[in-house]
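> Each protein sequence line maps, in turn, to chains E and W. Just so you know, we're using the working numbering here: the first sequence kicks off at 1 and counts up by one. Just so you know, we're using the working numbering here: the second sequence kicks off at 292 and counts up by one.
Hints in this document: simulated from the structure, not taken from any laboratory. Fair warning: there could be bad hints in the mix.
To be verified - With a straight-line cut-off of 27 Å between C-alpha atoms, the simulated DSS-like cross-links for lysine-lysine are:
hint, chain 1, residue 1, chain 2, residue 2
1, W, K334, W, K308
2, E, K176, W, K334
3, E, K176, E, K205
4, W, K304, E, K199
5, W, K365, E, K57
6, E, K205, E, K62
7, E, K199, W, K308
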Amino acid sequence: MDWLWLVIATVITAIAPFAVAYLQGVDRRITARMQNRVGPPLLQPIYDILKLLSKTKVAVNKGQLVLATMYVTMSILAFWMFLAGADLLIIFFILSAAAAFYTLAGYAVLSPYSQLGSTRELIQVIAYEPVLLLAFFGIWLVTGTFASEATDKMLILWLPLTFAALMLVLLVKLQKSPYDVAEAHTEIVGGPEIEYSGKFLAMVKVGHWYEAALMFAIISLFFGHPNIYVAFAGKLLIVLLAWFIVILVDNSTARLRFGQMARVVLTYGLALTVVNALLVWAVQQEVIPWP
Amino acid sequence: MGGPAGGDPLALKSLIKSPWILHFDTGSCNGCDIEIFASLTPKYDVERFGILNRGNPKHADVMVLTGPVTKKTKSRLLALYEQMPEPKLIIAVGDCACSGSPFTNAYNTEGGIDTCLPVDVYVPGCAARPEAIIDGVVKALEKLDKLAKGEPVQPAHMRGANDVPAEVSDGNAAMKAVLGPTAGPAAVKKEG
Numbered sequence: 001m002d003w004l005w006l007v008i009a010t011v012i013t014a015i016a017p018f019a020v021a022y023l024q025g026v027d028r029r030i031t032a033r034m035q036n037r038v039g040p041p042l043l044q045p046i047y048d049i050l051k052l053l054s055k056t057k058v059a060v061n062k063g064q065l066v067l068a069t070m071y072v073t074m075s076i077l078a079f080w081m082f083l084a085g086a087d088l089l090i091i092f093f094i095l096s097a098a099a100a101f102y103t104l105a106g107y108a109v110l111s112p113y114s115q116l117g118s119t120r121e122l123i124q125v126i127a128y129e130p131v132l133l134l135a136f137f138g139i140w141l142v143t144g145t146f147a148s149e150a151t152d153k154m155l156i157l158w159l160p161l162t163f164a165a166l167m168l169v170l171l172v173k174l175q176k177s178p179y180d181v182a183e184a185h186t187e188i189v190g191g192p193e194i195e196y197s198g199k200f201l202a203m204v205k206v207g208h209w210y211e212a213a214l215m216f217a218i219i220s221l222f223f224g225h226p227n228i229y230v231a232f233a234g235k236l237l238i239v240l241l242a243w244f245i246v247i248l249v250d251n252s253t254a255r256l257r258f259g260q261m262a263r264v265v266l267t268y269g270l271a272l273t274v275v276n277a278l279l280v281w282a283v284q285q286e287v288i289p290w291p
Numbered sequence: 292m293g294g295p296a297g298g299d300p301l302a303l304k305s306l307i308k309s310p311w312i313l314h315f316d317t318g319s320c321n322g323c324d325i326e327i328f329a330s331l332t333p334k335y336d337v338e339r340f341g342i343l344n345r346g347n348p349k350h351a352d353v354m355v356l357t358g359p360v361t362k363k364t365k366s367r368l369l370a371l372y373e374q375m376p377e378p379k380l381i382i383a384v385g386d387c388a389c390s391g392s393p394f395t396n397a398y399n400t401e402g403g404i405d406t407c408l409p410v411d412v413y414v415p416g417c418a419a420r421p422e423a424i425i426d427g428v429v430k431a432l433e434k435l436d437k438l439a440k441g442e443p444v445q446p447a448h449m450r451g452a453n454d455v456p457a458e459v460s461d462g463n464a465a466m467k468a469v470l471g472p473t474a475g476p477a478a479v480k481k482e483g
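Produce the entire structure from the sequences given, and follow the hints as far as they go.
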């Protein structure tokens with residue numbers, strides 16, 4: 001890790017929201033095609049953000065804005081640290097801090113929907129964090145390091161079950177059906193983000209995009225190859241594959257209750273990661289013969 | 292100020308490209324509400340214009356109102372209007388919202404939406420058709436566009452008595468443009 005790489009990481013962090021916005025535009029188009037309609041332009045998420053930025057400033061209280069700013073800062077920091085090759089565990093804690101600030105910002109206003117949404121957000125953090133942590137543990141078992149720097153190893157062959165568990169985490173983290181419990185637009189009207197408007201809503205949305213970018217970056221760890229071009233193409237492919245799976249599941253399921261979400265993620269998600277970690281350990285200790 | 296979006300052309304373009312809707316029933320019979328929901332379905336697909344139904348005044352740009360304003364809903368209507376960040380537009384959907392129609396002078400209603408709030412676009416019809424509602428939203432956005440170009444239209448919430456009147460959507464023309472000249476109630480009358 002040298003200075004040049006830090007500069008590159010900063011540049012990538014600056015352009016990441018545009019990439020995620022474009023991916024979300026593609027998502028809205030694919031979703032529309034799955035529902036037999038035309039769908040919005042590909043740049044629709046960018047238009048939405050620009051529109052929100054142009055609206056007048058309205059805020060409920062300063063506390064919420066401070067906490068929301070901290071949330072966005074923490075998400076950006078987590079993504080930048082990932083690119084800079086920091087420790088996955090530190091990234092995990094910074095991501096948790098981001099989620100905590102987001103929840104507190106939701107609690108900072110007395111709107112019942114915001115409070116309900118924040119409680120659900122907390123429960124989903126409790127649900128996905130052990131799975132994410134154990135997924136990092138699995139990565140450590142295979143590569144021998146917690147550093148987020150790209151490894152040559154093809155992790156998807158070592159950790160297929162962990163990858164499946166991460167799909168669950170991705171559904172929760174990206175607020176996709178059936179696990180879009182915290183923001184549930186048709187139920188609690190956006191949950192923690194209900195009280196933001198204009199610029200501040202745009203800011204929170206950009207924070208979500210950075211979280212999505214970090215999740216995709218974690219997914220991209222699962223494809224490694226000594227040849228840098230093959231590795232890059234493979235990483236892109238695996239991210240797009242994961243994104244397509246998320247869209248497919250989003251369009252073919254209805255929202256579950258937050259209890260059901262927590263139960264599925266904490267049982268199946270945890271079981272998949274633990275079993276996978278045990279299998280990797282058994283192969284490494286030559287308990288199970290492997291060619 | 293210089294109009295909506297501070298006169299910035301990019302911000303204005305994005306405002307026109309992404310109108311988020313708040314739908315509020317001020318005392319409608321639900322006929323027009325059903326038609327509004329019909330226009331959100333895949334058949335009419337308003338999302339291709341960037342229109343999303345948000346159900347939250349703080350996120351919304353366009354208020355779509357149905358029904359005559361009853362005395363009970365008036366305070367709620369005003370509260371919702373106050374919570375929307377500017378620039379904002381109001382569309383009155385259906386005959387009742389446009390003028391109070393059969394409920395004019397009823398003891399429990401105030402009349403049409405324009406007795407309480409400045410309306411930008413009137414979409415007549417009982418019930419208004421989805422084509423007419425989409426046309427109404429498009430007309431509202433055209434109004435914003437005119438405003439940006441400095442043409443003599445003011446946003447409804449700044450409008451005085453002597454300014455340019457609100458747009459009226461022609462639902463039948465809009466429907467014919469979509470379905471062809473044989474569609475619509477006129478064609479049905481001829482056959483019958």
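> Check each numbered hint against the structure and report the violated ones by number, ascending.
none
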